[in-house]
Structures are given as C-alpha cells and as structure tokens.
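Student: Below are the chains, spelled out letter by letter.
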Amino acid sequence: MDPITFSIIRHRLFRVVEEAVITLKHVSGSAITNEGHDLMVSLYRADGSLLMGGVGFLHHLTSASEACKAIIRRFEGDIEEGDIFLLNDPYTAALHTSDVYLVAPIHHDGRLIAWSACFVHVFDIGAMNPGGFAPDATDIFSEGFSSPGTKLVSRGRLRRDVWETLLNMVRGPEMVALDLRSMIACNNVARERMLTLVNKYGTETVDEAFRRLIEQSEQRLRERLRELPDGRWQSRQYLEVKGEVFRVLLTMSKAGDSLTFDFTGSSPQSRFSVNCSKWASLGGLFAPLFPLLCYDIVWNEGVIRPITMIAPEGTIVNCTRPAPVSVATVGAIQSVNNAACSTIGKMLMASEKYAAEATAVWHANHFAIFMFGNNQHGRLAIGILTETFAGSGGARSFADGVDVGGEIPNPISRMANIETIEATFPIRYLFRRRLQDSGGPGFYRGGTGGELAIVPHDAPDGGLHYVVSGKGTKFPQSEGLSGGYPGGVNDYVWVKAPTSGVNADPFAQGLPDMAGEKVPVSWGVFPLMGQDALYVRWNGGGGIGDPLEREPAAVARDVVDRAVSPLAAEQVYGVVLAGDKIDAERTRARRATLRRERMAQEGTR
Amino acid sequence: MSRVSMTLARENGRICCASCKMPLAGGSESWKARAILTEVSVARLPGAGLGVEQEVTIRRFSCPSCGALLDSETALPGEPFLEDVVLG
Ligand SMILES: [Zn+2]
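Those sequence lines, one after another, are chains A and B.
Taking my numbering, the leading residue of the first sequence gets 1, the next gets one more, and so forth.
Taking my numbering, the leading residue of the second sequence gets 1, the next gets one more, and so forth.
Please keep in mind that the hints were generated in silico from the structure rather than gathered at the bench.
No residue lacks a Cβ here, since even glycine has one placed at the ideal position from N, Cα and C.
Honestly, I wouldn't trust all of these hints.
Said to hold, decoys possible - Stretches of chain A that chain B covers, calculated by requiring three or more beta carbons in the stretch to come under 8 Å of a beta carbon on chain B: (1) 369–376; (2) 513–524.
Unchecked claim - Chain B regions said to be covered by chain A (calculated; three or more residues, Cβ under 8 Å): (3) 5–11; (4) 23–30; (5) 50–58; (6) 65–78.
Unchecked claim - Taking lysine to aspartate or glutamate and the DMTMM-like style, the derived pairs with C-alpha atoms no more than 25 Å apart in a straight line are: (7) B:Lys21 x A:Glu549; (8) A:Lys353 x B:Glu83; (9) A:Lys200 x A:Glu352; (10) A:Lys200 x A:Asp109.
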C-alpha cells in the first residue's frame with residue numbers, strides 16, 4: 001500500500017471517532033457527558049481488537065474491546081447488519097454498571113468488517129443509590145441493571161421490549177433514554193463514516209491499512225521500550241473507606257521491549273464497592289500508558305501486545321463476583337491509574353532521552369458526588385458535581401503542573417460552568433476557586449486542585465440530597481517524583497447552619513468564613529437542606545524534586561497568586577517573605593536550618 | 001555515569017547521589033537503607049485536610065553527604081520501602 005493512502009486512511013479514522021464524539025455530545029442531555037466529557041468512542045476490528053482508541057476516559061479503550069469480543073462469543077451466528085448491543089456487566093467487560101457500552105457491528109456487503117463502541121455514564125442505572133455510584137451496595141446485585149450482552153437494536157430497529165424493560169428499572173427514564181439515544185446516534189455516525197471510507201478505498205485496502213496500523217503501533221512502542229532502561233519500579237496507593245484501609249501495590253518491570261504490571265501484594269477485595277474487576281484494572285493501567293508512552297503512536301491493539309498484567313484473583317484489583325464495584329472508577333481503577341502513572345514516570349525519569357516526558361501523578365482522586373432531588377423546574381434532577389473532572393496537573397520534569405489542569409486518564413475532561421449546574425439543580429455556589437497549598441511541593445510544584453461550597457437555593461423540597469463515594473480524604477494519592485511531595489487530599493464537609501438560623505455568608509471565600517458546625521462526611525447519602533452548606537475540596541498534583549531548591553522568586557509568585565500560603569512558603573520551601581518581597585538573608589538561614597533538620601535521621605524502617 | 005532518576009545516578013555499578021556523586025549502595029542493594037530518612041507528618045503540613053490520617057507520613061530520603069533530597073514516598077508506619085531498581 002502506498003504511504004499516502006495509508007496516511008489518509010489513518011487520518012480518516014481519527015476523524016470518524018471525532019465526529020462520533022461530537023454526535024454523542026450533541027444528543028446527550030446530561031452535564032456529565034457534554035460538560036464533564038465522561039465518555040469514550042473507539043473503533044475495533046472485526047475480531048474486536050482495538051483499532052483506533054478515541055478520546056474520553058482512556059481506561060475504557062481495552063474494556064470496550066473485551067465488550068466487543070464478549071458480544072462476538074455470545075451472539076455467534078446472530079450478529080447482523082444494523083444491530084447494536086448493550087453491555088454493562090463489570091464481570092464481563094465493563095468498569096461499573098452505570099458506564100454502559102453500546103457496541104455496533106459494521107458490515108459491508110454483508111460481511112462484518114469492524115465495530116464501533118462508545119459509553120456514557122448514564123443518568124441512572126437503578127442501583128441502590130441514585131446516579132450509579134452506590135456506596136451502600138453490598139454486592140453487584142444491589143448496583144442496578146447489569147447485562148453481559150443484550151441486543152438493543154436489531155437490523156436497524158429498536159427492540160421496544162428491551163428498551164422499555166431497561167427504562168422501567170431506572171430513575172429518570174427520559175434522561176436515560178436520551179443517554180442511550182446519544183450512543184445509538186454515535187454508533188450510527190461511526191458506521192456511516194466507516195462505510196464511506198470503505199466504499200472509497202475498498203475493503204481489502206482498508207483492512208490492509210488496519211493491519212498495518214496495528215503492526216506499526218506495536219513496532220513503535222517496542223522500539224521505544226528498547227530505548228528505555230530495563231528495571232523495576234514500585235508504587236503504593238492507599239484507599240480508605242469507613243476506617244478500613246486498602247492498598248494497591250504495583251511493581252512494574254521492564255525488560256527489553258516488554259512491560260509487566262504486577263499487582264501482587266494488593267489488598268484482598270473489599271466489602272465496599274471500591275473494588276474493580278480484572279478488565280477494569282487492565283484498562284486502568286493503559287489509561288496513563290497511552291498518553292505517557294504512546295503520545296505519538298496510534299492507540300490500538302499493537303500497543304497492548306507488549307504489555308502483561310498480573311492481578312491476583314480475589315484482590316481489590318481483580319475481585320470475584322458478586323463483590324460490589326460501582327465505585328470502582330474512582331476507587332481501585334483510579335488507584336491503578338495513579339500507580340501506573342507513577343511507575344511509568346519513574347521509568348521515563350531514568351532515561352536521558354525521555355526524562356522530559358516524565359510527570360508526577362496528576363489529580364489522583366475523583367470525588368464522586370451525585371446530587372439528586374426535585375429541582376426548581378419541578379423535575380427530578382440527578383447529576384455529578386463536574387468539578388471532579390477539573391483535576392490538577394502533576395509537575396513535569398521541566399515545569400510546574402497546571403493548576404486545575406485536568407487529569408491523565410481523560411485528556412478532554414473539564415468541568416461545567418457554575419451557571420449550568422445552578423440551572424439544573426436547586427443550589428447556589430458560594431465560591432469555586434483554586435485551593436491553596438494543594439499542589440505537591442517540589443522544585444517544580446504540582447498544580448493546585450480546587451474548592452467550592454454550595455447551598456440550597458429555590459428548592460421546592462427545601463434542598464436536595466447527595467451520594468458521596470468519598471475516599472481520598474485520608475491519604476495523599478498524587479505521588480511526587482524524585483523527592484517531590486504528593487498533592488493535598490480531598491475533603492467533604494457538611495456545614496450545619498447555626499441554630500440561630502443565620503444564613504451562610506453569601507460572600508464567603510473559604511471554609512473559615514462559613515458559620516456553623518463543620519462535619520466531615522465521606523461515604524453514603526447526606527442531606528443538603530435549609531441553611532446548610534456543602535464544602536468540597538479536591539486534591540492537587542504531585543511535585544517533582546526538592547522544594548528547598550525551588551527558585552525563591554517562584555515561591556514568592558505562588559504566594560502572591562495564593563497558590564501557596566506564606567506558612568507553607570516558610571515551612572516547606574524555606575522561603576521567608578516580607579510582604580510580597582523575598583527576605584534573602586532569612587531565606588538562606590531558613591533553608592539551611594531545614595536542610596540540617598533533614599540530615600538528622602529520625603525514621604526507622 | 002548513567003541516569004537513574006533526576007537525583008540519582010549509577011557509576012561503576014553503584015548507585016550514587018547525582019549532586020555530590022557520593023556512592024550509596026551496590027547495584028543490587030537498596031540505596032534507601034543507606035540514605036538519611038526523615039519523615040514529615042502529612043497531617044501537619046500546611047493545607048492538610050480536615051479528615052487526613054494522622055499516622056501517614058512522607059518519607060524523605062536524603063544524601064548523607066550533601067543533604068540533597070533523593071526521593072520521597074507516602075507510607076503508613078511499618079511499610080517496607082518502595083524499591084526502584086534501574087538496570088540500565
Ligand atoms: Zn549528595
């Protein structure tokens with residue numbers, strides 16, 4: 001095949017995915033999809049292997065491949081032109097029940113030539129708690145509707161019986177219907193554009209391009225791995241739920257042109273829904289691998305071949321049915337993301353050629369807060385606080401992390417405008433801003449996370465309730481690199497209004513300004529009623545290098561920008577300020593003292 | 001001299017501080033055991049959250065010769081060190 005045709009087909013595949021994502025966003029009506037970009041669209045070969053990984057949450061690329069393969073096995077002889085299948089069982093391929101896959105075969109002249117697949121986090125899936133994240137769930141049976149494979153559209157016609165059964169089991173069925181229709185439309189657009197491509201170049205040429213594309217990705221990743229040093233790197237992540245602490249332990253080994261991710265030593269599976277299945281762990285480790293090692297390589301099956309995962313059965317990273325997994329995406333999967341980001345970062349840092357690509361861990365802890373209740377328009381509203389997608393950048397080996405700078409596993413994640421949320425929910429924001437001292441200290445500082453506070457407003461029922469699946473308040477998880485400190489932790493605080501009935505200060509600029517009893521909450525369903533407020537803060541990214549070596553001028557700038565407090569400047573960075581100015585002499589003395597303290601061994605193994 | 005991280009290097013099969021070149025350990029030994037370890041309580045860092053675990057610390061491994069900060073890790077008491085081995 002001539003290189004120009006190959007290149008054109010490759011670019012067309014990117015555009016097919018892009019147009020399908022646009023379709024998904026245009027049809028879906030929920031903020032989590034079209035504002036938070038909690039979505040994914042990808043293309044697969046006829047056998048279900050990954051052909052073109054799209055944007056969105058990258059831990060879905062390999063899981064949706066497994067979803068296609070599961071459908072191929074289950075529906076052998078019954079996969080027809082115009083069909084669309086639904087799959088959301090975590091023990092078959094999905095990450096959790098609320099991230100529903102719709103996968104569609106693409107036929108040309110009656111022959112299966114490819115698949116398209118997409119997901120959105122649907123409005124509701126009928127789990128114990130509204131919105132899909134179910135901290136109260138005790139097993140997979142309490143986490144809502146779960147299908148290992150259902151034909152939703154048969155030869156282009158919606159199967160009404162299946163459709164109505166599904167919508168009969170969820171809250172807000174009209175919103176779930178919109179979610180499903182957005183995915184049907186997305187798959188339809190992907191199929192039409194793929195067929196245009198095939199009609200122009202012919203199935204043989206296109207299939208040859210697919211094969212070469214995968215071969216090329218494998219070859220290029222293996223070449224890159226050979227350029228990196230052999231070795232073994234470790235990372236450890238702590239998760240806590242209701243006083244129980246779980247570990248995800250990763251040892252990543254690189255030998256020649258292959259990489260092994262070994263999770264031996266991770267905690268046994270939990271009774272809480274933070275577990276994840278093995279497909280989810282596999283997706284979890286690929287989410288940072290694609291952007292960090294394959295930033296210039298097409299994300300497809302070729303990238304998967306050099307990688308091996310060891311995840312012992314019965315652990316938090318490969319739980320057995322019927323363990324609950326609805327909080328997996330922000331629980332064990334995110335810890336797998338973080339651990340893989342950390343070990344890959346260390347490996348890159350060990351290479352002269354690739355050190356510039358190294359990064360500390362970005363925003364390591366989502367806060368899954370799903371609000372639900374009747375809104376000011378008299379309708380049931382369920383939805384996530386999309387600030388969790390705003391993230392925070394990890395420090396790079398040449399620059400600070402970006403404040404509120406997104407996250408590694410989803411290159412297009414973002415948060416909704418406050419007005420969008422206030423228009424949908426009966427709430428009002430008191431503030432939303434960067435969070436001081438949340439970026440991991442280092443020679444290069446981690447990007448800050450953020451903080452917000454909301455109060456009920458114009459609520460027909462006096463307020464609403466929210467589901468919080470809030471790990472991340474106990475342990476920092478955005479690990480630093482080469483001595484850099486981790487980013488700060490999350491907090492979820494129920495501010496109970498004083499009994500005098502004094503309203504929350506409408507101009508409060510932070511938690512200290514807010515009157516009332518401050519009760520940390522983290523797991524379950526809580527009210528946001530009357531004059532009470534909910535305060536949330538999210539973690540910053542990890543730092544890189546020694547904070548005592550950071551340019552004093554950079555620390556002073558951070559203090560002026562309120563990214564770093566004067567206290568942290570002095571205690572952590574050893575920079576003493578007089579007003580906005582650096583006190584050079586006291587800074588020298590302070591840094592010398594802190595270095596001396598660091599030389600006085602105190603810890604023991 | 002080959003690179004191990006931003007702060008560590010390897011020379012003649014030994015891991016050394018990249019800043020002062022002081023050898024810390026042989027290739028197969030744990031260099032962390034030879035570094036100076038100090039721990040910072042996460043709960044006492046400026047900006048710590050309301051709910052943070054009191055026991056968790058940031059372990060800081062420093063060069064015994066020049067004091068350069070070589071690495072850090074988050075740990076509960078009694079956890080083994082994270083071991084990173086670069087074979088080159
Ligand atoms: Zn030194």
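Student: Which numbered conditions among the earlier hints are violated in the structure presented, ordered from lowest to highest?
Tutor: Violated hints (numbers, rising): 1, 4, 9; every other hint is consistent with the structure.
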